[in-house]
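Make the full structure from the sequences, and use the hints.
Here's the letter readout for the chains.
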Amino acid sequence: MKDSTSTALLPNGLQDLLFPEAEKEAGAIHQLMAVFKSFGYQRVKPPLVEFEESLLSGPGQALTRQTFRLMDPVSQRMMGVRADATPQISRIASSRLAAEERPIRFAYAADVLRVNGSQLRPERQFCQVGCELIGDDGERADAEIMLIALKALSDLGVKDITIDLTVPSLVEQVFESHNASADERETLTEAISRRDFDSIDMMASELNQTLVQLMACIGPVEVNLPTLKAITLPESAAESVVRLDTVCSELQAALSAFGLEDVSVTIDAVEHKGFEYHKGVSFTLFAKGLRGELGSGGRYESNGETAIGFTIYMDTVLRALPTRKDDAIDYVSGDNPWKDMRDKQSTGKMVVRKG
Amino acid sequence: MTTEKLILAVPKGRILDELLPLLDKCGIKPEDAFFDPKSRALRFATNHGNLDIIRVRAFDAATFTAFGAAHLGIAGSDVLDEFDYSELYAPVDLKIGHCRLSVAMRDEDAATDDPRQWSHIRVATKYPNLTRKHFAKRGVQVECIKLNGAMEIAPSLGLAKRIVDLVSTGGTLKANHLTEVETIMDISSRLIVNRTALKTMPDMMQGWIEAFRKAI
Numbered sequence: 007m008k009d010s011t012s013t014a015l016l017p018n019g020l021q022d023l024l025f026p027e028a029e030k031e032a033g034a035i036h037q038l039m040a041v042f043k044s045f046g047y048q049r050v051k052p053p054l055v056e057f058e059e060s061l062l063s064g065p066g067q068a069l070t071r072q073t074f075r076l077m078d079p080v081s082q083r084m085m086g087v088r089a090d091a092t093p094q095i096s097r098i099a100s101s102r103l104a105a106e107e108r109p110i111r112f113a114y115a116a117d118v119l120r121v122n123g124s125q126l127r128p129e130r131q132f133c134q135v136g137c138e139l140i141g142d143d144g145e146r147a148d149a150e151i152m153l154i155a156l157k158a159l160s161d162l163g164v165k166d167i168t169i170d171l172t173v174p175s176l177v178e179q180v181f182e183s184h185n186a187s188a189d190e191r192e193t194l195t196e197a198i199s200r201r202d203f204d205s206i207d208m209m210a211s212e213l214n215q216t217l218v219q220l221m222a223c224i225g226p227v228e229v230n231l232p233t234l235k236a237i238t239l240p241e242s243a244a245e246s247v248v249r250l251d252t253v254c255s256e257l258q259a260a261l262s263a264f265g266l267e268d269v270s271v272t273i274d275a276v277e278h279k280g281f282e283y284h285k286g287v288s289f290t291l292f293a294k295g296l297r298g299e300l301g302s303g304g305r306y307e308s309n310g311e312t313a314i315g316f317t318i319y320m321d322t323v324l325r326a327l328p329t330r331k332d333d334a335i336d337y338v339s340g341d342n343p344w345k346d347m348r349d350k351q352s353t354g355k356m357v358v359r360k361g
Numbered sequence: 460m461t462t463e464k465l466i467l468a469v470p471k472g473r474i475l476d477e478l479l480p481l482l483d484k485c486g487i488k489p490e491d492a493f494f495d496p497k498s499r500a501l502r503f504a505t506n507h508g509n510l511d512i513i514r515v516r517a518f519d520a521a522t523f524t525a526f527g528a529a530h531l532g533i534a535g536s537d538v539l540d541e542f543d544y545s546e547l548y549a550p551v552d553l554k555i556g557h558c559r560l561s562v563a564m565r566d567e568d569a570a571t572d573d574p575r576q577w578s579h580i581r582v583a584t585k586y587p588n589l590t591r592k593h594f595a596k597r598g599v600q601v602e603c604i605k606l607n608g609a610m611e612i613a614p615s616l617g618l619a620k621r622i623v624d625l626v627s628t629g630g631t632l633k634a635n636h637l638t639e640v641e642t643i644m645d646i647s648s649r650l651i652v653n654r655t656a657l658k659t660m661p662d663m664m665q666g667w668i669e670a671f672r673k674a675i
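Protein chains in written order, with this note's numbering: chain A, 7 to 361; chain B, 460 to 675.
Honestly, the hints are just simulated from the structure, not real lab data. Being a predicted model, the structure only gives us computed values, none of them experimental. Please note that a few of the clues may not be correct.
For the chain B half of the interface with chain A, some residues (derived, Cβ under 10 Å), not all of them [stated by the list, open to error]:
| id | residue |
| --- | --- |
| 1 | 525 |
| 2 | 526 |
| 3 | 539 |
| 4 | 543 |
| 5 | 554 |
| 6 | 661 |
The C-beta atom is built at its ideal place from N, Cα and C for all residues, glycine as well.
As structure tokens, this is what we get:
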């Protein structure tokens with residue numbers, strides 16, 4: 007008795023996915039992949055573990071402290087278990103497929119392992135499904151990636167989806183142009199991440215005033231994008247806003263062409279959570295009433311090339327989907343000829359041998 | 460589209476009395492049971508069909524809101540800093556519930572001790588994370604003993620020489636022969652909102668945020 011309870015216990019944040027959940031996940035991944043493929047995104051399968059130098063460079067830097075390490079007894083080098091699939095795709099694009107014509111379109115479904123779960127996602131292992139478009143810096147590329155994520159989720163049956171757009175470098179660009187000190191940046195960044203308007207003293211400086219104006223640009227794109235465009239910003243930040251504006255109209259054109267007008271498009275000018283290494287337009291996907299993010303994505307630097315991609319978190323997606331109906335089951339008695347089993351299966355039912 | 464019911468989590472106790480006039484100014488009138496101290500109910504309707512109020516412990520108002528069980532809430536900045544929930548925004552300082560988080564010691568200890576020389580200390584507190592963070596900045600290692608109340612008797616009984624606790628008038632400290640040696644932070648109550656709720660129901664949520672902002 008004692009033994010069986012202790013072997014049933016799994017480490018924190020890890021779980022056995024049972025039926026029908028495991029099948030639900032596999033089915034959902036299959037459906038998502040079909041949508042990705044219809045846009046020309048083809049699946050790759052990187053290994054679970056690789057040398058830490060490649061895993062933790064470029065877009066992987068942000069996850070250094072979230073990565074499990076182990077030593078490779080063969081090469082005697084340190085390896086990391088992937089905490090995110092994007093750095094692996096980046097590596098594939100810049101090494102094995104360096105000679106391939108750009109842009110390249112990748113799709114993947116990969117379980118990742120993290121040292122710590124987050125407050126909302128205590129799971130340390132979860133499945134990421136996504137696309138990466140490498141070597142295309144156009145506004146249409148941004149819109150294409152967003153469209154695919156939204157169409158795939160919507161086709162899967164996720165309701166009331168919101169896509170929240172931002173340019174994570176905007177705040178940084180404003181800091182830069184005002185020559186803000188490191189201390190000032192730290193205090194202000196903390197206040198911004200809590201949207202704590204009242205802690206930013208408006209009287210203190212022009213910088214603070216600009217930040218408060220930016221912070222107020224949160225919500226539906228129709229109202230808030232014009233407000234954002236009206237703010238006087240330093241040149242680099244103003245360029246970011248122009249880019250955001252172009253991407254928004256491109257996205258809306260794409261959504262209406264694909265019959266996805268019910269997706270709400272919002273902006274949040276100061277969102278930077280999880281986008282530390284992003285350059286350009288980024289986005290987060292939410293669904294009404296669903297705890298946490300469905301997925302996120304955006305533009306980043308992939309070993310010297312421009313890239314944009316998104317990741318969908320399967321655990322959140324599964325919570326958004328209705329429970330599957332049980333499969334119809336038929337039985338055949340153990341002494342019936344095998345042919346009976348085959349005939350019954352042809353109706354599409356699950357046929358179980360009994361006795 | 461379905462109109463969802465929003466839930467506002469308010470803390471029991473001290474802050475609630477200061478909060479009631481604010482709610483009134485926002486045009487939120489809870490049902491009568493809310494004001495009845497004998498009522499065992501935890502969830503109350505309001506004059507707004509799509510807004511309910513839940514009454515929970517001060518620390519829990521932040522937890523309910525962070526996990527999306529409540530959409531809006533009222534929490535002290537002490538609670539926000541202690542838990543540092545990534546899914547909470549605190550857009551409005553309600554300017555109520557003012558107090559400070561302080562380090563206190565017995566009067567006779569405070570007179571002889573030099574805080575600048577501390578390297579390893581033991582502290583009784585309800586705020587282990589904030590305490591650790593505060594002292595880590597000064598390179599002081601802290602062993603925290605988590606208590607849920609009555610911190611003030613810990614020093615005299617030898618549980619820990621120092622406490623970190625909320626101070627508003629200083630009356631409780633004085634009554635227990637304690638001296639405030641250092642202020643960690645000033646505190647006031649904030650309107651908090653759940654990140655996902657704000658992003659997926661921007662109009663409704665912004666409406667309430669504006670209502671609270673105007674009511675101050």
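Hints and how they fare:
no., hint, in the structure
1, 525, "holds, 7 Å"
2, 526, "holds, 6 Å"
3, 539, "holds, 7 Å"
4, 543, "holds, 9 Å"
5, 554, "holds, 8 Å"
6, 661, "holds, 4 Å"
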